[in-house]
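Q: Listed below, chain by chain, are the residues.
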Amino acid sequence: MNCSVCGAPAQVEVRRRNRAFCAEHYRAWFVGETRRNLGRHRMIRPGDRVLVAVSGGKDSLVLWDTLAKLGHPATGFHIQLGIGGYSERALVTTEAFARERGLELIVVDVRESFGLTVPQLAEVTGRKACSGCGLSKRYLMNRVAEEEGFDVVATGHNLDDEAATLLGNVSHWQLDALVRQGPMLEGREGLARRVKPLYTFTEREVAAYAFLAGIEYQHEECPHAEGAKSLLYKDVLNRLETRMPGTKQVFLEQYLKKVQPVLQEGLAEGEVELRRCERCGQVTTGAVCAHCKLWDRAYARAKKRRLLPEDGRFDPRPRVHRLEPANEA
Amino acid sequence: MKVILRTPHKEERELAGPMTVRELLERLDLDPEGVIVARGRELLTLDARVEDGDTVEVIRAISGGGA
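Line by line, the protein sequences are chains G and A.
As numbered in the numbering used here, residues 1 to 329 make up the first sequence, in order.
As numbered in the numbering used here, residues 1 to 67 make up the second sequence, in order.
Extracted from the complex, chain G is given alone in its bound form (with noise of 0.2 angstroms):
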């Protein structure tokens, strides 16, 4: 099999678009197709401050390293979970990529800022620890956008993580979140946009790229990932994919142009009325948002269990650290 562009030995084949790449011209395309996927949604204005959410795993790394390459140096910002050893390599890797590159990155611990790891705070609430690790990280990234000045959050969700949401979405119809679903989700007071340039891209192309751009990323899967329901979905989806190139792309394209725009017609009830938590401050639609609540139950167990100081209390605020490029030089 040959490149499509330079007949040179293909190393990369996309069957869903009919063509092959050699290395450099792999690169290449990977690079202008998010360029196009940033243009065709707007996802990146002029002026725009850009804050990357950056695991340690291919995704999020292939994602700030082409933002860096298309000329939008994005901040880092990587969360510690408290995962074991899971997390301290997470961040050992993390931060390697930051400063081999020069880029800035801010790091929130959340046991250091609010007194529990992510697997406590599972424990000790009773609910999964994807529950929790979902509701803290959506809450930092907001929370740390808004306090930092940062305009547009941008998340390394690529197209099987899309395709496999949407069929969890459609096999329970969930319609709150089938009309929210999307590459963009534009911004409100208090809420920076969201953006997911790479969401075209299978998983196969992202650690395609990652190969041969020699990024060194986290191989290694979360340990509280073994039998998640979205798992099952990409193997569901990469099963149809292999028999039907394409599958994935169509499934989420078309849903996004056919029938989201019907479902937001329909359920148009006007936006969401959001206020401040009484007890953060951060955009919620109740008294007392999610996360201040989980917390605050949390520690009320912890307590009990004597986990926490008799005396501790919730405090919102997450401590945040930098990584400074120029102070590494």
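There's no promise every hint is true.
Distance condition first, Cα-Cα at most 20 angstroms in a straight line; then the derived EDC-like pairs of lysine to aspartate or glutamate [what the hints assert, rightly or not]:
id	chain 1	residue 1	chain 2	residue 2
1	A	Lys10	G	Glu220
2	A	Lys10	G	Glu216
3	A	Lys10	G	Glu226
4	G	Lys229	A	Asp31
5	A	Lys2	A	Asp29
Covered by chain A, according to a simulated footprint, are these stretches of chain G (three or more residues, beta-carbon under 8 angstroms) [claimed, not checked]:
id	segment
6	5 to 15
7	190 to 204
8	238 to 245
Don't read these hints as lab results, they were simulated from the structure.
A virtual CB, placed ideally from N, CA and C, is assigned to each residue, including glycine.
Given chain G's structure and the hints, the job is docking chain A onto it.
A: Relative to chain G, chain A alone:
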């Protein structure tokens, strides 16, 4: 040939070649859509041939959680 699997735990296998990458993945019972296959610093397409003396790395592309 030596096959290093990173799916995601590292594991090594010895398989007799030659064969195509597509045949290799069939033998390993892996979906081609969920992995990338490398020989040294080079990625291999499904029609590429791998020989007995090669060392091939199969890297899982699918992830389900965030750090």
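Q: All the hints need checking, so say for each whether the structure fits it.
A: Okay, the hints, checked on the actual structure:
1. A:Lys10 with G:Glu220: 10 angstroms, holds
2. A:Lys10 with G:Glu216: Status holds; Cα separation ~16 angstroms.
3. A:Lys10 with G:Glu226: 17 angstroms, holds
4. G:Lys229 with A:Asp31: Roughly 18 angstroms separates the two Cα atoms, so the pair holds.
5. A:Lys2 with A:Asp29: Holds, at about 17 angstroms.
6. 5 to 15: holds (count 4)
7. 190 to 204: With 3 residues close enough to chain A, the hint holds.
8. 238 to 245: That given contact holds, which follows from 4 residues of the segment 238 to 245 of chain G lying within Cβ reach (below 8 angstroms) of chain A.
Every hint from the earlier list agrees with this structure, and none is contradicted.
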